[in-house]
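Number of protein chains: 2
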Amino acid sequence: MKTYTASITVTLRRAILDVQGKAVENALHSLHMPALGNVRIGKHIELDVQAPDRESANDLVMDACKKLLSNPVMEDFSIHLEEKSAGVPA
Amino acid sequence: MKTYTASITVTLRRAILDVQGKAVENALHSLHMPALGNVRIGKHIELDVQAPDRESANDLVMDACKKLLSNPVMEDFSIHLEEKSAGVPA
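Order-wise, the sequence lines are chains A and B. Numbering follows the working numbering, in which position 25 of the first sequence is assigned residue number 426; successive positions increment by one, without gaps. Numbering follows the working numbering, in which position 22 of the second sequence is assigned residue number 423; successive positions increment by one, without gaps.
The set of hints was computed from the structure by calculation and includes no laboratory data. There could be a bad hint or two in this list.
[To be verified] DSS-like cross-link-like pairs, simulated, lysine-lysine; straight-line CA separation at most 30 Å:
#1 A:468 <-> B:444
#2 B:403 <-> A:444
#3 B:444 <-> A:444
#4 B:467 <-> A:423
#5 B:403 <-> B:444
#6 A:423 <-> A:468
#7 B:403 <-> A:485
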């Protein structure tokens, strides 16, 4: 059994209006930062996975994303897996 | 003036209890996924920056992170910048 660290990014689909992003964009402009725009806000989730290999770790995380972590109607997600080396403390 | 796309990840510092992550972890375990644990939840922010070069783009985004997008007492952030190529529509 190996331990992998998964970084998951969940973002609203492009076609869907991001009201939170729009609010942040307006706030940035009020703070005199007109050079920043087109703000989109999503979630970043990090978790540890116990699995025999990378494929099954990826399958487990994919399953969790579909069932709980994202709303497949409105959101997309991407997964990045990294093996945790034994020498580094969590 | 060039356009850069910045991906910002804002995460709670390790020392701070992540109650949202804990709730998600419990939910995953209830869904029969005991292999997943140590869940931490953060924010993912994407935005476009107009700047003459990469350094000033990075400075602008860093400034926005410190002033608005993150809480420097409790959160860390990382910035990833990519130049937008003119041929690709936004």
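Status of each hint after checking the structure:
Using a Cα cut-off of 30 Å, the hinted pair residue 468 (chain A) and residue 444 (chain B) holds, with the two alpha carbons roughly 20 Å apart. Proximity of residue 403 (chain B) to residue 444 (chain A) is assessed by CA-CA distance (about 27 Å); at most 30 Å being required, the pair is judged to hold. Our distance criterion of 30 Å between C-alpha atoms is met by residue 444 (chain B) and residue 444 (chain A), whose separation comes to about 5 Å. A hinted pair counts as satisfied when its Cα atoms are at most 30 Å apart, and residue 467 (chain B) with residue 423 (chain A) qualifies at roughly 19 Å.
For the proposed pair residue 403 (chain B) and residue 444 (chain B), the alpha carbon gap of about 26 Å is at most 30 Å, so the pair holds. Between residue 423 (chain A) and residue 468 (chain A) the alpha-carbon distance is near 28 Å, which keeps this suggested pair within the 30 Å criterion. This hinted pair does not check out: residue 403 (chain B) and residue 485 (chain A) have alpha carbons roughly 38 Å apart, beyond 30 Å.
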